[in-house]
Amino acid sequence: MTKYKSTAEVMKIISDKDKIRNFGVIAHVDHGKTTLVDGLLKQSGTFKVHETVSDRVMDSMDLEKERGITITAKNTAILYKDIKINIVDTPGHADFGGEVERSLNLVDGVLLLVDSSEGPLPQTRFVLQKALNKNLPIILVINKIDRPDSRIEEVIDEVYDLFIDLDANEDQIEFPVIYTNAKDGIAHEDLNDDSRDLTPLFELIINTFSGPEADDNSNTQFLITNIDYDSYVGQIAVGRLNNGSIYRNKQYSLCGPNEIKHDQKLSACYTFRGLEKIKVDSLEAGDIIAVAGIEDIKIGDTISDNENPTPLPRIMVDEPTVSMFFHVNNSPFAGREGKFLTSRNISERLYRETLSNVSLRVDKTNETDIFEVCGRGELQMAILIETMRREGYEFMVSKPRVITKEENGVKLEPVESIFLDLEEEHTGVVTEKLSKRKGRMTNLQNNGFGRVTLEFKIPSRGMIGFRSEFLTDTKGSGILNSLFDSYAPWFGPIPQRNSGVIVSDRAGKVTQYASLAMADRGELFVDIGIEVYKGMIVGERNKTGDLDVNIIREKKLTNMRSSSKDNTVVLRPPRKLSLDQCIEFIAEDELIEITPLNLRMRKMELDSNKRISKKKKEKIEN
862 MTKYKSTAEV
872 MKIISDKDKI
882 RNFGVIAHVD
892 HGKTTLVDGL
902 LKQSGTFKVH
912 ETVSDRVMDS
922 MDLEKERGIT
932 ITAKNTAILY
942 KDIKINIVDT
952 PGHADFGGEV
962 ERSLNLVDGV
972 LLLVDSSEGP
982 LPQTRFVLQK
992 ALNKNLPIIL
1002 VINKIDRPDS
1012 RIEEVIDEVY
1022 DLFIDLDANE
1032 DQIEFPVIYT
1042 NAKDGIAHED
1052 LNDDSRDLTP
1062 LFELIINTFS
1072 GPEADDNSNT
1082 QFLITNIDYD
1092 SYVGQIAVGR
1102 LNNGSIYRNK
1112 QYSLCGPNEI
1122 KHDQKLSACY
1132 TFRGLEKIKV
1142 DSLEAGDIIA
1152 VAGIEDIKIG
1162 DTISDNENPT
1172 PLPRIMVDEP
1182 TVSMFFHVNN
1192 SPFAGREGKF
1202 LTSRNISERL
1212 YRETLSNVSL
1222 RVDKTNETDI
1232 FEVCGRGELQ
1242 MAILIETMRR
1252 EGYEFMVSKP
1262 RVITKEENGV
1272 KLEPVESIFL
1282 DLEEEHTGVV
1292 TEKLSKRKGR
1302 MTNLQNNGFG
1312 RVTLEFKIPS
1322 RGMIGFRSEF
1332 LTDTKGSGIL
1342 NSLFDSYAPW
1352 FGPIPQRNSG
1362 VIVSDRAGKV
1372 TQYASLAMAD
1382 RGELFVDIGI
1392 EVYKGMIVGE
1402 RNKTGDLDVN
1412 IIREKKLTNM
1422 RSSSKDNTVV
1432 LRPPRKLSLD
1442 QCIEFIAEDE
1452 LIEITPLNLR
1462 MRKMELDSNK
1472 RISKKKKEKI
1482 EN
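Start counting the sequence shown at 862; every next residue gets the next number (the working numbering).
These are computed hints drawn from the structure, not numbers from a lab.
Glycine included, C-beta positions come from ideal geometry on N, C-alpha and C.
All the pointers check out, no bait thrown in.
Below, a list of computed lysine-lysine pairs in the DSSO-like style, where the Cα atoms sit at most 27 Å apart:
1. Lys1404 with Lys1437
2. Lys1370 with Lys1471
3. Lys942 with Lys1138
4. Lys1159 with Lys1140
5. Lys1200 with Lys1225
6. Lys1480 with Lys1404
7. Lys878 with Lys1111
8. Lys1159 with Lys991
9. Lys880 with Lys1140
10. Lys1395 with Lys1417
11. Lys1126 with Lys1111
12. Lys1297 with Lys1336
Pairwise CB distance ranges (calculated):
13. Gly1406 with Ile1034: 55 to 63 Å
14. Lys1336 with Leu1136: 35 to 43 Å
15. Lys1336 with Glu1156: 51 to 59 Å
Let the hints inform the model, and build the full structure from the sequences given.
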């Protein structure tokens, strides 16, 4: 293990460009990126002796720990043999592609992690394409080599095929390969060597990736790729100092998308060591740094010389493909459980999110209490909603819808490539459902052992609500991955949920008697004793069409005998839906009420008579 280094030692090291390495870690979801970074941190002497360090230290968000995925890109720094290595850990899910795209602006190379059994998967293609477009050198890391079902040679061949398929040039395709067991912190240059730590990987990183090309004496150019916040210093801009130098208390220009603000004074400068920011008086080009003191900064802005500002090209990301409407909560229970309820509260929070999330966009609507939030996928939206919920916000959201565009008078919609791994016996039902959703099979491969791999091209609309059905149809054994493919002409109507909902027709508390009466009508979502309101969805009907019911009805007792008889009846437990499941479940005329304590589904129009009248009117018009 390398000795822990002081701030003075760190500053001496980074004064030499040849002693800096900047690289990112990219991979499909759950292939071991964050675990590998954990190992590099622990074996590099980054932490002090006896310092307690948890697993997945880079996943600092509660949601990241709970879901086991990386949501936001983060950087850290380690020191190995007097070389500072800046590491950027990126998300593997395509919904967070904006995080990957901006992160690659920080690095001079990438580690591509691939599972030794699963091989390259859809998001592997997605993140690799981004790295190849930046012309970054790549080290292939075959991870989880301890798996009993590993197929290392086949996986390497599959990666080579992927490089060729993505039009990699000759230099890019000549990548070095290393084999790791990230969980145990072991790397092998050769599968038969006796390595017991990550030393071979450290050496390969140093020898493969070059130090940054930067000039301390040219105009200052610092591209902001991330934004942090500190209650003492305010907004903190994180990024790579491409050229020039930066000094604390000196004035600079902030180059935004439409204007340049001069005379912006920096109150603090930081370099990174491990997970902490170290305060320094000055910084030189080539390093990943942070600065504070300038307000109203945005990702993509450049901090440059005050006299002769020279902005860098702004970060470009793929356009959003999905949108949801965020409403101020107007249900009968509004204001009971949340701290932030108003239109202004929600608006400020959403616009604040766009400052640090470059792939998210907030559009105003004709209604002052409704906001259209556009993003890359349902998962990205669910993460935002859950984060706001935990912060104390109370609001409502609509069903996701795809964002269309028009070219030459033709309406176009987003199409996804989906990859399914499932047991052979479930192939028929899954294929049938995808066909009804306008899906087209492009590949079928029998993997042996009773499992098959299917590939489909399907409109993004067709995927809304499908994931939960897929898990049910495959009894939880199926694996589904998706990736944005292209825009194509509108596919026409796509059937979504084929069942109706059970709706409460009045306010009150759910009773056992009324719940028993629903046993043959469908499946309930609410427990006995739960308070409901008129228009609230309390269950899923086992037929098409909605059903309004009195879910609070009490039995009129005629004698004590009938009362005791009802107490012996055992009700089926209600089905509790997660946020993701609620988003997939609701129909176009329904909303999810989000509060810090509860998730409730409801009809947009709470009055059943008005809903019936509206449907009749739509039927006449059509």
